[in-house]
Amino acid sequence: MDMIKVSEHNELLNSMLDNITDGVYCVDVHRRIMYWNKAAERITGYSKEEMIGRTCFDSQLDHIDKKGRPLCNLLCPLVGTIFDGRERHEQVFVRNKNGHRLPIIVNTFPLELNGETIGAVEVFQDCVAPTYDDNIIDELSEAAMHDELTGMPNRSYLNNFLIYKLKESLRFIRPFVLLFADIDNFRDFNNRYGHTEGDNILRCIAIKLRTRARKDDLIGRWGGEEIIGIFSGAEDCDEQIIGEKFKRWIDEVELEHNGQKLKVTVSVGVTAVRRDDTLESLISRADKLMYISKNTGKDRVTTDDYLRQMHTDD
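Here this note's numbering runs 9 ahead of the position in the sequence shown, where the first position is 1.
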């Protein structure tokens, strides 16, 4: 029998994958969807024309785990497989095009060529379980990963996102900047105007930051009056600009109180990720820069340039 031509081989493979009952799709290392079979269309409601070429984190599927944690930007099994080449098997919830959530079992495998990982494949199937109202699932997700007072991403969300960004930066050399901010004299503000107004100013800040942050950035409440911002695609020279822009956003926040406008300032530290960074070293450096701003007058921005200058002076 004659050898099957490459084009015929591909057609045969596509026909085989289109006739299995499991959903199958594959992504490249940038998580762009390259293949989407008919079962994937049936289970999710999205056609291959709607999905191919899009990134999986911008595909409206919005995978979350059983604890309600969003997976697409934080704990994505496909991302983990691309990074370490290990297979994964998990139960998650996916958003169908019709709006409801349904539980699925996913298996992820590395996609390799000549010994190099060039992407990953996800095979998924329906669980024998009911679908869930999307609003209920979204409420659980919000509670698990967002601060109750401000609605901002909480410390758990920020930690997971930073871990993801560190892995992404190391693998694909994608720079990002971490900003650590602390509201100046917040205890005095609470003592003078009351804790209710302290909570209100935090809510006002959250609203302002939500309208200013870019889609690829993440700003959340680290705890108390501390705020962290993770800004993607920023070079070292952007640190001061990012910090000053963030400080200006806070300067724009005003809270009405007994006929007067209440305002706060922030001390800011900004650092760029380094190749040898860990989660601890990155946060520690940003925190140190923030405290330098605190100790040198408050209401200011300190960046890596300050540390470089200190080393030069030594």
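Don't read these hints as lab results, they were simulated from the structure. Do not rely on the hints blindly, as some may be mistaken.
To be verified - List time: in silico DSSO-like cross-link candidates among lysine-lysine, alpha-carbon distance up to 30 Å:
1) Lys256 x Lys224
2) Lys272 x Lys303
3) Lys224 x Lys272
4) Lys254 x Lys270
5) Lys224 x Lys106
6) Lys272 x Lys217
7) Lys57 x Lys75
8) Lys254 x Lys307
9) Lys303 x Lys270
10) Lys256 x Lys272
11) Lys297 x Lys254
12) Lys272 x Lys307
It should be emphasised that the depicted structure is a prediction, and the values quoted were computed from it without experimental measurement.
**OP:** With a cut-off of 30 Å on the C-alpha distance, tell me whether Lys272 and Lys307 pass.
**Re:** 14 Å, holds
Subject >> Straight-line alpha-carbon gap Lys254 to Lys307, limit 30 Å >> reply: Holds, at about 16 Å.
Subject >> Pair hint Lys57 and Lys75, alpha-carbon separation not exceeding 30 Å >> reply: 27 Å, holds
Original post:
Does Lys256 pair with Lys272 here, judged by a C-alpha cut-off of 30 Å?
Top reply: Answer holds: Lys256 to Lys272 is near 12 Å, not above 30 Å.
**OP:** Below or equal to 30 Å on CA atoms is what counts here, so check Lys224 against Lys106.
**Re:** Cα-Cα ~22 Å, so holds.
Original post:
Quick one, are Lys297 and Lys254 close enough, alpha carbons at most 30 Å?
Top reply: 20 Å, holds
**OP:** For the pair we were handed, Lys303 and Lys270, check the Cα-Cα distance against 30 Å.
**Re:** 24 Å, holds
Original post:
Keeping to a limit of 30 Å between CA atoms, is the pair of Lys254 and Lys270 held or broken?
Top reply: 21 Å, holds
Original post:
Is the Cα-Cα distance between Lys256 and Lys224 30 Å or less?
Top reply: Between Lys256 and Lys224 the Cα gap is close to 19 Å, so the pair holds against 30 Å.
**OP:** Assess, step by step, whether the Cα of Lys224 is no farther than 30 Å from the Cα of Lys272, and give holds or violated.
**Re:** Since the Cα atoms of Lys224 and Lys272 sit roughly 27 Å apart, the hinted pair holds (cutoff 30 Å).
Original post:
Is the straight-line distance between the alpha-carbon of Lys272 and that of Lys303 30 Å or less?
Top reply: With a Cα-Cα distance of about 17 Å, the restraint between Lys272 and Lys303 holds, given a limit of 30 Å.
Original post:
Holds or violated: are the alpha carbons of Lys272 and Lys217 at most 30 Å from each other?
Top reply: With Cα atoms ~13 Å apart, Lys272 and Lys217 stay inside 30 Å; holds.
Every hint, counting from the list given before, is met by this structure.
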